[in-house]
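Following the hints, complete the assembly by docking chain B onto the known chain A.
Here the protein sequences come in this chain order: A and B. Mapping of the first sequence onto the numbering used here: residues 1 to 407, in sequence order. Mapping of the second sequence onto the numbering used here: residues 1001 to 1349, in sequence order.
Bear in mind the hints are in silico, worked out from the structure with no lab data behind them. Certain hints may be false.
[Stated by the list, open to error] For lysine-lysine, the following BS3-like pairs were computed, each having C-alpha atoms within a straight-line distance of at most 25 Å:
1) B:Lys1296 with B:Lys1065
2) A:Lys354 with A:Lys382
3) B:Lys1065 with A:Lys256
4) A:Lys382 with A:Lys233
5) A:Lys256 with B:Lys1296
The residues making up each chain are set out below.
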Amino acid sequence: MTDLDQRLTALPVTRRVFLQGSTMAGVAAFLAACGGGSTPSPTGQASVTPTEGASAEPTAAAIEGPLNFANWPAYIDLTEDETSSPTLVDFEAKHGITVNYQEEIEANEDFYATIAPQLGAGLDTGWDIIVLTDYMAARVVRAGWIEEISADATPTAHANVRDELRGLDWDPDMKFHFPWQSGATGVGYNVVSTGRELTKVEDLFDPAFNGKATLLSGYPDTFSLVGLMLKAKGQIANLPAEMTYEDAQAVHDYLKPFVDDGHIRAFTGNEYLQDFGSGDTWVAFVWSGDLASSGGEDDRFIFPEEGSIIWTDNMLIPKGAQHKAAAEAMIDFVYDVANAARLAAWIYYISPVKGAGEEIAKTDEELASNELLFPPAEIAAKMYPQMALEDEDDVQWADLAADLEGT
Amino acid sequence: MSLQRSRRAIPYLLMAPGLLWLLLFFVIPNVQMLVFSLSEGTLRTGFTTPPEVWDIENYTGSVSKFSSNFSNSIVYGALATILCFLIGYPLAYAIAFKGGRWKNLLLFLVIAPFFTSFLIRTISWKIILGNDGPVLAIVRDLLHLVPANFSIIGSPLAVVGGLTYQFLPFMVLPLYVSIEKVDRRLIEAAKDLYAGPWRRGGLVAGAIFGAFALVALQVGLGYGAFIGEDAAPAAVVAAALVGAVAGGLVGAFLISQSFIRVTFPLSLPGVFAASILTFIPAIGDYVNPQLLGSPKTQMVGNVIQGRFLDQNDYPIAAALAFLLMAGILVAIFLYARLLGTEELTGGTA
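This is chain A alone, in the form it adopts within the complex:
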């Protein structure tokens, strides 16, 4: 097994596991193991003890630890034996504090439900860094539940964050968030089952795939991609980020007949991996990387012609965090180009750090040209962000999605 294969199989298998609980994660790990070769232990916590001695010189302004870091499963680099994370070990050595790194987040909504009561009551959540996807990050920032990140403490991050990730509506000056990793939502299919290469979102609605298609649950991914398709067909005018409720209604009305006649069999989280494995799903909306890492050899991921959805998972410091300085130090640390390259090479998503690609290319040409990590310009030009809705709209959109999902 080559180095690359190892990295491939070590991809975030259980990211966004749909059902809560380690059992699902266990199954996914099991399936990944069946898929061939080594697998990370996605439920395992890569919590790391400090390496004594190496932490000789803490920085001048002593930072207090431990840093309590909540992230998604399999979203950090691991050593060969998967017992510790080089990034975390180096960070601990540099700053002389421990990192309590927990793979605690399996779905934005579910994690939100666990922290919202404390944040709403003005209490400490126990976390110093949490990682949430754009729309959810925007929501908690708007709610005023996020600490401002000191610019003085994060010069590297401010210098190195990729330009296209700057200037977002909900935080134009990077005051509250820094991206952890980005990824894309596109179309996945099994080329043997479909019998042909697919290129578009619209291919998913080919009558030949009746009952063998699945979409992603919730509105952010599914409504964005179908919105792009309807825009390409001239039925709606707006890109996903500018979609109105009327556009969402149009997406709903387009999808409804396909749900009613059974063409769309389910709305899933990343358990679509199992459905591809069992042949029950031929074509689906999927997150980039998943099929390449954990799918079969006939499973393909495409960036559709109509465009794909780019999302970013963002580091945030919740209000009342006990170790804010440590959190800022971590944010700055992972924006160091060498650190970012090491991270990206392992977890296989799109790095938010300028120059990470060049850094990887120095050691691994093949990986540096992988379009999942480094989408080429013509694909990147057609990557669009999801909508970030106000609370009132979110309720209505969620209702539309729930209606499609039958709940």
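Here is chain B on its own, set in the frame of chain A:
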């Protein structure tokens, strides 16, 4: 005197832990839920609770909006209970009457699946019923009974099947207990009084039941949608005929009068307890429809889960939970009236 008084207190003392438990983990959360179910707002926008607002709309609106989920729950829950009974009764009967020294091992085998996680077992069903699974390999590829794009996963039958499998032990164990208690001498007495095979009655009852069961199975599968509108009535008739013949044969030759007149009536308390124990968890399940179903087969449990965890819409979720609870209570009440309250209490007479 004081001794007597303390004796009178003993039952209350014995009940105290249970009552405290109920108060803490049943009554208080339910009061909280009741308050939520009459409130407005979501976790994000904040709640307006009684007495400022009494939002009855949560109840009335939910009933109409989620009527298909409610009917799914009731139909699937009832079908799963009936299927559990059809599978579980012969099984419990065989273990109780013919088990001999293997009884304990057989009972252990009934509950053995419980040693594996609920989710793993449901996901196993996904694999078994799946496109590349053994069931379709036989039915579709070998026997060519169904068209190539036929899928079991996503159909109501898959959900009902999953529920049936999941809750079968809840059916078997109470049935076993009550069948085991049946006095064998009564059966012998019935035989002495010329109780033989249940010929004519068994033929009629078996035929009706068999026809009904196969038609229900076919409808549950959504088979008609695959073979087209025109062929559907013929398929229903064929299924009814096959079911009637099979059921009639079983009724006429395999069921004895002593069973109908002695064993079965004496086991009714077990039937009652077992069906309640199966029906209640089945109707509230959300894992089977999630993993084995499609958007059209979602049950109330899925709506409640989605409202609570994804949309943080506690009022609607709480109202739905109360409606489900009320529905179950009404169903059990009707059922108790139907079977008679003596059986409910285990037949004190």
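Is Lys1296 of chain B close enough to Lys1065 of chain B, meaning Cα to Cα at most 25 Å? OK: Lys1296 of chain B and Lys1065 of chain B at ~14 Å, within 25 Å.
Take a quick look at whether Lys354 of chain A and Lys382 of chain A sit within 25 Å of each other, Cα to Cα. With Cα atoms ~20 Å apart, Lys354 of chain A and Lys382 of chain A stay inside 25 Å; holds.
Are Lys1065 of chain B and Lys256 of chain A close enough, with their CA atoms no more than 25 Å apart? holds (16 Å)
Would you mind confirming whether the straight-line C-alpha gap from Lys256 of chain A to Lys1296 of chain B stays at or under 25 Å? Answer holds: Lys256 of chain A to Lys1296 of chain B is near 11 Å, not above 25 Å.
Verify the proposed pairing of Lys382 of chain A with Lys233 of chain A, using a straight-line Cα cut of 25 Å. Distance ~16 Å between Lys382 of chain A and Lys233 of chain A Cα, so the pair holds.
Figure legend: structure checked against the earlier numbered hints; every hint is met.
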